[in-house]
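Could you slot chain B onto chain A? The hints should help.
Sequence order for the protein chains is A and B.
For the first sequence, the numbering used here assigns the number 1 to the initial residue and increments by one for each residue that follows.
For the second sequence, the numbering used here assigns the number 1001 to the initial residue and increments by one for each residue that follows.
Bear in mind the hints are in silico, worked out from the structure with no lab data behind them.
Take the hints with a grain of salt, since some may be wrong.
Claimed, not checked - Pairs of lysine to any residue, SDA-like flavour, derived with a Cα cap of 20 Å: (1) Lys-1189/B x Lys-277/A; (2) Lys-1184/B x Pro-207/A; (3) Lys-1184/B x Phe-209/A; (4) Lys-277/A x Asp-1097/B.
Predicted model, so just to flag it, every value in this text is computed and none were measured.
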Amino acid sequence: DDLQTLFRNSSSVIIYSAIISPVRWERRELDLILLLASYASCCRWIWLARTLGSGSLFHRHMGSSVNDLLFSYIISMGLLLKHQNLQLDELNSLAVVVDSEEAKNTTKIKQLLCWLSSIGIKYVILYDMQGVLKQTIRTDLESLTNTSMTPCSVVDAKMVTSLFHFEKMAIEIISLADGKEGVAKAASFLYSEHMKDDSEICYRSEPDFTESDVANALKATGSAGAEPDLLLVYGPARCHLGFPAWRLRYTEIVHMGRLRSMKFAVIVKTMHDFSKKHQNYGK
Amino acid sequence: MLALIDLEMEKHGRKPEPNIFGSVWRFLRRCLFLVLALGPMPNHIAFIMDGNRRYAKRRNVKEGTGHGVGFTTLTSVCQYCFEMGVKYVTVYAFSIDNFKRKPEEVQSLMDLMKEKIDELLEEESIVQKYGFRINFWGSLDLLSEPVRLAAEKAMAHTASNTGPVLSVCVAYTSTNEIMRAIKKSCARKRLGTRGYANCDGESVCEDIDGCVTVADLEENLDTADCPDPDIVIRTSGETRLSNFLLWQTSLSHLQNPNPLWPEFSLRNLIWAILEYQKIYPYLEARRRLAKKEN
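Isolated chain A, as found in the complex (with noise of 0.2 Å):
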């Protein structure tokens, strides 16, 4: 009976969509209203709104699902022209952290990284915790791109050691071994450059270098690469599951729900919302 009337209500949300959508609407408190309008004549909704007070945890909590779910159909079916015309200027470079259990569905990675290509993202991170990845998309991009290693205008290739090409798009394929070890490589990396350089080393404390230093030591081992915009996080939580700390001071973190269960107009929201982020880096 609800669903009825949820189904019903979502109808007419595409509809209305369908009618408005030649004209491009730029006010997305418009889209709110229609979403609220469906929810405002399904009596249920009405009900639990009122028995467990405006704006409960409970009503938002089913409400975003459900939010989330008719944007996602809607998106996908083209009406909502705004999110057709993505501006990806601020995004220079995509990060996505897969759970390694569901990293080893290795279709769901190429049609990602196809849908991510499709999109116009020039430069793809693709993190796990157990280097699943590196085992089985390696050899994949391997033979697709027929190198292992091309310069790539967007990074310097040699600070990243796994780097590869699809289509117009750089992907680099990282692990848990690049991120916390990685820095320990480049401590020890500095360790041996301050005891080279350092004539008067019984006489000082601690070695006095800086932050940048330290990303001098991360490019010199290999260890360095570019800081993402946008991190993706597919699986059951939104952890970052260990991905390289030096890289990921200022990224947005997404929660993008299990890989099996990946949408494409998820993903174009997703872009939608970072388009419209500003960062004030601590100002």
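Then chain B, alone, in the frame of chain A:
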């Protein structure tokens, strides 16, 4: 008018709860926490206290008022966390990047920090009541001297407390913490390695890979005596970590509720715990796997 109301809110937050209502509320809270504790409870929660300035802007009051109400929220949240059995609470109070703000804003934040640190050490404060131990993590030498001295005094004063641990990150960024850990590791390695260096300047590190390890770095981080956070909550709906505990949050559940920090309340905290309990089996499995591989 709104400014006066907000000042009253600030002061009200410091007053003890009135008798019967307060006791009933405490009793109900205890029952609620008992029910919550039927599921797995986090040991360490970290908060990025974002949204104080937006809170003040929305209410057309001075920015300082937003920070003041934010402090009241901090004391309430710490109280609830302790009552729930959360042993470690970490908060991101001031980033090194925040020094880029206008000098008068930075100065007012420093003054507020000193005032609140002194308040925390007062007799009837929450620290004395619950026996909190306070840590200040970050490059404290970047702080103004009064604030740095107040922070050091607070740490010394509470060092022997055995209750919950409140860690306040000031003049902190994760990359700065990692850099300081590298410096300390290098200094310790140099002192601890036999036949390693002589005063003629000859030095050898034959096996570069074996020189500094991940364990060496972790021993020298600010968070060395603290477990990794189970949950990291950033209020105001923002999705980034802004250089906060990047090393320690590999298997932390990252949450970003919409309310601004001064609006963060008990129900938001409870919802955060429920979300954590939902994915706890997954996180626990990953932690066991990571330990096995190490």
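Each hint tested on the structure:
1. At most 20 Å may separate the alpha-carbon atoms for a hinted pair to count; Lys-1189/B and Lys-277/A exceed this at roughly 44 Å.
2. For the hint pairing Lys-1184/B with Pro-207/A, the CA-to-CA distance comes to about 8 Å; that is within 20 Å, so the pair holds.
3. Our distance criterion of 20 Å between C-alpha atoms is met by Lys-1184/B and Phe-209/A, whose separation comes to about 11 Å.
4. Of the supplied pair hints, the one linking Lys-277/A and Asp-1097/B holds, its CA atoms being roughly 19 Å apart against a limit of 20 Å.
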